[in-house]
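What follows is each chain in one-letter form.
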Amino acid sequence: MTAGTMQAHPAGEEEARAAITHGQSGMPTVMVGMLLFIASEVMFFGGLFATYFNARATTVGEWGPPAGGHLDIALAGVLTAVLVASSFTMQFGVWAIRRGDAGKLKMWTGITLALGILFLAGQLYDYSELGFGIGDGVFGTVFYTLTGFHGAHVFGGTVGLTIVLARALRGQFSARNHVAVEAVSMYWHFVDVVWIGVFSTIYLLR
Amino acid sequence: MATTTLEPRTAGYRRAWVLDWLTTVDHKKIGILYIVNSFLFFFAAGILALVVRSELAVPGMQFLDQDTYNQAFTMHGTIMLFLFIIPVLSGFGNYIVPLQLGAPDMAFPRINALSFWLLPLGGLLIFSGYLFGGAAAEGWTSYAPLSNRAEGVGTDLWIIGLALVGTASILGAVNFITTIFKMRAPGMTLFRMPIFVWTILVTATLILLATPVLTAGLIALFIDRNYGGSFFDPSVGGNPILWQHIFWFFGHPEVYIVILPGMGVVSEVLPVFSRKPLFGYKAFVFATIAIGLLSFSVWAHHMFTTGGALFLPFFSFMTALIGIPTGVKMFNWLGTLYRGKLVFSSAMLFALGFISMFLIGGISGVMLASPPIDFHVQDTYFVVAHLHYVFFGGSVFAVFAATYYWFPKMFGRKLNEPLGKIHFWIHFIGFNLAFFPMHELGLLGMPRRIADYADRPDWVILNFMSTVGAFMIAVSVIPFLINVIATFINGEPAGDDPWEGNTLEWATTSPPPPYNFDRLPPIHSERPLFFLTHGHGHAAERPDDLEEGAEEDAEHRKGVV
Ligand code: HEM
Ligand SMILES: [Cu+2]
Numbered sequence: 001m002t003a004g005t006m007q008a009h010p011a012g013e014e015e016a017r018a019a020i021t022h023g024q025s026g027m028p029t030v031m032v033g034m035l036l037f038i039a040s041e042v043m044f045f046g047g048l049f050a051t052y053f054n055a056r057a058t059t060v061g062e063w064g065p066p067a068g069g070h071l072d073i074a075l076a077g078v079l080t081a082v083l084v085a086s087s088f089t090m091q092f093g094v095w096a097i098r099r100g101d102a103g104k105l106k107m108w109t110g111i112t113l114a115l116g117i118l119f120l121a122g123q124l125y126d127y128s129e130l131g132f133g134i135g136d137g138v139f140g141t142v143f144y145t146l147t148g149f150h151g152a153h154v155f156g157g158t159v160g161l162t163i164v165l166a167r168a169l170r171g172q173f174s175a176r177n178h179v180a181v182e183a184v185s186m187y188w189h190f191v192d193v194v195w196i197g198v199f200s201t202i203y204l205l206r
Numbered sequence: 207m208a209t210t211t212l213e214p215r216t217a218g219y220r221r222a223w224v225l226d227w228l229t230t231v232d233h234k235k236i237g238i239l240y241i242v243n244s245f246l247f248f249f250a251a252g253i254l255a256l257v258v259r260s261e262l263a264v265p266g267m268q269f270l271d272q273d274t275y276n277q278a279f280t281m282h283g284t285i286m287l288f289l290f291i292i293p294v295l296s297g298f299g300n301y302i303v304p305l306q307l308g309a310p311d312m313a314f315p316r317i318n319a320l321s322f323w324l325l326p327l328g329g330l331l332i333f334s335g336y337l338f339g340g341a342a343a344e345g346w347t348s349y350a351p352l353s354n355r356a357e358g359v360g361t362d363l364w365i366i367g368l369a370l371v372g373t374a375s376i377l378g379a380v381n382f383i384t385t386i387f388k389m390r391a392p393g394m395t396l397f398r399m400p401i402f403v404w405t406i407l408v409t410a411t412l413i414l415l416a417t418p419v420l421t422a423g424l425i426a427l428f429i430d431r432n433y434g435g436s437f438f439d440p441s442v443g444g445n446p447i448l449w450q451h452i453f454w455f456f457g458h459p460e461v462y463i464v465i466l467p468g469m470g471v472v473s474e475v476l477p478v479f480s481r482k483p484l485f486g487y488k489a490f491v492f493a494t495i496a497i498g499l500l501s502f503s504v505w506a507h508h509m510f511t512t513g514g515a516l517f518l519p520f521f522s523f524m525t526a527l528i529g530i531p532t533g534v535k536m537f538n539w540l541g542t543l544y545r546g547k548l549v550f551s552s553a554m555l556f557a558l559g560f561i562s563m564f565l566i567g568g569i570s571g572v573m574l575a576s577p578p579i580d581f582h583v584q585d586t587y588f589v590v591a592h593l594h595y596v597f598f599g600g601s602v603f604a605v606f607a608a609t610y611y612w613f614p615k616m617f618g619r620k621l622n623e624p625l626g627k628i629h630f631w632i633h634f635i636g637f638n639l640a641f642f643p644m645h646e647l648g649l650l651g652m653p654r655r656i657a658d659y660a661d662r663p664d665w666v667i668l669n670f671m672s673t674v675g676a677f678m679i680a681v682s683v684i685p686f687l688i689n690v691i692a693t694f695i696n697g698e699p700a701g702d703d704p705w706e707g708n709t710l711e712w713a714t715t716s717p718p719p720p721y722n723f724d725r726l727p728p729i730h731s732e733r734p735l736f737f738l739t740h741g742h743g744h745a746a747e748r749p750d751d752l753e754e755g756a757e758e759d760a761e762h763r764k765g766v767v
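Residue numbers (our numbering), protein chains in the order written: chain Y, 1 to 206; chain B, 207 to 767.
The hints are simulated quantities; they were obtained by calculation from the structure and are not laboratory data. In this text, all values refer to a predicted model and were calculated from it rather than measured experimentally. Some hints here could point you the wrong way.
Not close to chain B: a few residues of chain Y, all C-beta gaps over 12 Å, as computed [to be verified]:
(1) Gly33
(2) His70
(3) Leu71
(4) Lys106
(5) Ala121
(6) Leu124
(7) Gly131
(8) Asp136
(9) Tyr203
(10) Arg206
Which bits of chain B does chain Y cover? Going by a derived footprint, with three or more residues having C-beta under 8 Å, they are [said to hold, decoys possible]:
(11) 426-437
(12) 613-624
So the derived label-pair ranges between C-beta atoms look like this [unchecked claim]:
(13) B:Leu228 to Y:Ile163: 23 to 29 Å
(14) Y:Leu205 to B:Thr229: 48 to 54 Å
(15) B:Leu228 to Y:Gly122: 39 to 45 Å
(16) Y:Leu205 to B:Arg355: 44 to 50 Å
(17) Y:Ala57 to B:Gly345: 24 to 30 Å
(18) B:Leu337 to Y:Val30: 51 to 57 Å
(19) B:Ile253 to Y:Trp95: 33 to 39 Å
(20) Y:Ile163 to B:Leu225: 24 to 30 Å
(21) Y:Tyr203 to B:Arg355: 30 to 36 Å
All C-beta atoms, glycine included, are put in the ideal place defined by N, C-alpha and C.
Okay, chain B solo, but in the shape it has when bound (with noise of 0.2 Å):
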């Protein structure tokens, strides 16, 4: 057997390398699949909001004209959410939730795969518009009557790749929602269940019965344009406001498909790093949930000023609850911090980042959900404010807090740490400048979407400021890159458990093998690695409590041992 010469083996072994990734159904090896297409997806969604940037850091117009620059944002924002944000998210979920769950893969691991395959072709069927006379150019949006008029095969590849990305994301709805309820190790109830695991089921659901909403909207415009159908053109009997009913039907659902998960992350990696429980988890649970539930109720505050008869009140008093049960979450994160004792690693700064960021950006949400302020501020620099703070400083800040943090059970090597820290602050600080300007942009009155904008002093300065803030975001990619590379290169080893964690997925190797598990720690509650390693004596002694803060854990450690 150990005759056999290197050279011939190495051969065989790179051609079964490759194959075996194009092939694979490991839950593990699809999650790392979608996590790199997402990031190759943001790199490109990135430049084209550069571009963006470029063109608006002064007045007159630069290198574009009108139309390329309606197709960058109209692609920069349409990749970033569906091709970047939301897939990375389910990218870790795969990755992630089987392993917490102490399950062995997903529930339908082939579909996994299916699921994952479509999001390229998807991907670059949208990019495709640019090869075919111009990629679509009515924003990520697309309102009739705009979309169901506008010219060129562009927004048709547009309506076929979003159409595919849906599906995608439906299929992998069902394969999480399976997983969770079919797939839990013995012992892991549904209140033992990691943070992560819930917002993902919560997550999973809202994809499940919004996403084919917006597929049944995008089929009716794809007929509206080439059947000669007449859904959205009142000349004869349709209606262009319906196509903003459909969209945001899904669309605002979808905010907290993208935002959901991205709790959960943070729920993961605050209390890990501050020494302590989560503070009040049955309240997060119920808090997802009601975030869950009340997101199908408030689609119509992207609508304020159609006018007509909208029942303002009712939209704008729905959207108004929504704080609550997102307050709830805030004092988790804060009772959490409380007196913990804090690790400041780059993981956790990302997810303090996430905290800060979204508060932000929920306040400038709480001020948008009222209709006088709306009506003042639609489709002005505000709106695009307020959404990069709660995409970009809430969710992808989480990613990153993500990748940080998971990173080392993955590959087994742990990023560097002085390296994480400087992506951090660059990021950061870039991100604040990029967008907090654009508020004060939007109050001024400068309407989103516009190429080119009036030479005024104030204007002038604010859009400068954004654009240095932008390349800055830009220039902590490379602090990022050289990060990962360095690490797969000579990475410090990491070893299964290296922060200490709690949830089952430190149980295991890094990174786990093909079955994930050879046997599982005994689970008593939803820290159960946590109890494992700090030992509460046997099993049966284990408080079932979910709620005891750092004290009480000392105490039952001295206690027993």
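Bound conformation, chain Y alone (with noise of 0.2 Å):
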């Protein structure tokens, strides 16, 4: 397996040992790959947002549910606060895990799944209520497109926090050790602010 024919440079060997390791500072690299795949996810949910603002636009009339539908504001405030605060119980697991502390991990891991599911369950409530369905005029299209990619999105992050949880009860993250908490936890911020998006859009700027 000797690869090179060229002479080694007295350097070349130390050096080529460093690019085996990826020997290289600043933030990891998994980190990095997450960063980029929710660039790529925020040019998405981009898409999905412009089909909206296009409906608004070209609507003539009054805009929102179809006649028999409406929308519930109340519920939608709720999960967004359920949202919201499982982001800060997410925050608080990567700081325990950052001093070292698996046991709160464990505890805020646990709530911020909670949480998620929490939503996605008040989300399916919602829907069963509203009283109109995707093949409902343009409003229903983009309506639920919208927040059903979202509330998909929303259950990949409880997938991933699963996985979080089972390796955290199996003590697997430590203080140096925990670049998967630090993924997921970005991914799920990721996840709220576009939910915040979502329900300003459709909720509040109307």
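Once you've looked at the hints, go ahead and assemble the two chains, each given alone in its own frame, into the complex.
Okay, structure coming up:
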């Protein structure tokens, strides 16, 4: 397995080893990957928001749910509070493990996961109550697409949280080694921020 | 240990070999998988092109009906772009980028394998429409209201397949960018990276930011088609033009996703075979970044004729602006050739083919950027000519340049040069015969995407020429395939550095060992290998200047040795 037939420069060997151990400082590789992935997700939601605003701009007459349907702003407000709270609990978990407190990490991750599931359950209940569907005019289409794909991302986040929780229960994280926790928390904050955008757009801006 | 008999071992070895390729996470094997898979799709889409050209050889309907014709050009365009040209360039990127950076692998090897395996899956889904009552037939652009109303499951399979292929490219883009930022060898600063790596970096950024928008559009289209949605249906408040905005917001960056890595390949090949450094390295880098940025602000030049408040002057002006960084690159290349010691290898011929053909495509592109011209030739064969000069004359020529150039590194053997030149010349002449007449056809008013056309003498002769050219292109692939097979059987051993290359991939064995490098040369410029083989004395004396010319190089050489 001898590579490189050229004469080795004295420093070559050391440099090669440094390269193989990814010996670089700065943000951990996994976090760079997660940030880039989130950037692509921002563009994805950007596309969906564009469809929303396009529909709203080209609609003549009143913008909102079709006749017979309504929006439950109170429930949506409660769900917003749940998701925002879950961002805080997630961050408490991250701070805990940065101090090396694995016990607190388990607790906060468990709470975050529960809040995430509560949000999803609330969203499904909301859907069942609204009185209009995805096929009911362009408002129905953009409403369910935007909230539905956000919900799918929350679901993805709960899968990530479940993995983090399982690994935390096995004692796999420490103050020095917990990049998965950091990555999942970054994703979770992102999903939360998207929801604030969705909520403000659909319920507040109208 | 040596007492094992041969036979059971060979059987074991064979199985392991297949499993090894199926489960590999080595960027070099994944790169080769990408390239092989892409060439298979290239041949499939090429056969569809021959079907299209045969139908158009003479007026009248020959052997297709209208609907199968529509399917043929739709599948041709879709597969060529999404399953050949983008993935084949990612394949070269996969193989070469870690080597050029002096890295042992990509940043996320398993995600790398996943992004590859999504491709054949997506591609087969797109093709599988043929098994279920007909493939998608709305063109590669799939405009609403044609696409949201089209009957049949072929269009749905097209949507799902493209969403998978798009996801594959996004994951690949995350991987490339992370690799470039986190895996560079010590000494490999950003401005010492080979140009090919720079173009992959900008390309990956475009993929990362543009492709998700297409995914959003595809989902909207799927919802319209299957769940009673009305994104694109004006009768219930939707807007069919919205599809065009979404599609081209992705689609214009996409054309740079296709051409930038090709420019990168050419910028590797030209200096090596001119025996000079690239003229104006930094200018090239900034021009690449500028093209990347501008490409997000020109999408509506595909929509000039839709009318409405589309800010024609803005999009026309921005499009013309792209001509500037592109022109800069032309000068980079010409300046590199100027007074170089040119070596006309097959790789070099394809690189020179790229420059000349891309120039023609660029000129027709600037013409199309002008709304008064575009209004006349939109949706005619002029556009088909333009797009093939940039996609085929540009990127596909670059793919062949890359193949001749890097094949020795990948397999340790050089492709046969005389056969390579035969391939080039048949290809080059066939290409121009197939596509140059289309300019004229477009100006004469022949619409694209039609299966039959008026029996006018001028149209007939031009169409016939074009069909002959298409078959010449197909014939040119024969010497290429013979070459590849013959080289595997009995090719000339390449050695580590057959071309006297500049960049790190030539500093290791051909093919490289699993972790690429046992030792790395010192990196003090964008041409570490050149300085290693041509000697500049001790590292400390090595000039950091990136722009030095050939004479200067020679002087240094004399001075130090
Ligand atoms: C043997 C080589 C090729 C031939 C003979 C060929 C021929 C054609 C023809 C005649 C059309 C127009 C069909 C119509 O409008 O009715 C077409 C469309 C197209 N081709 Fe090719 N082509 C070739 C290679 C390529 C390559 C290498 C690419 C891209 C990398 C490509 C991309 C496209 C695209 C995007 C379209 C537009 C499809 C549409 O209208 O939806 N082609 N081709
Ligand atoms: Cu464009």
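Non-conforming hints, listed in increasing numerical order: 1, 8, 12, 16, 18 and 19
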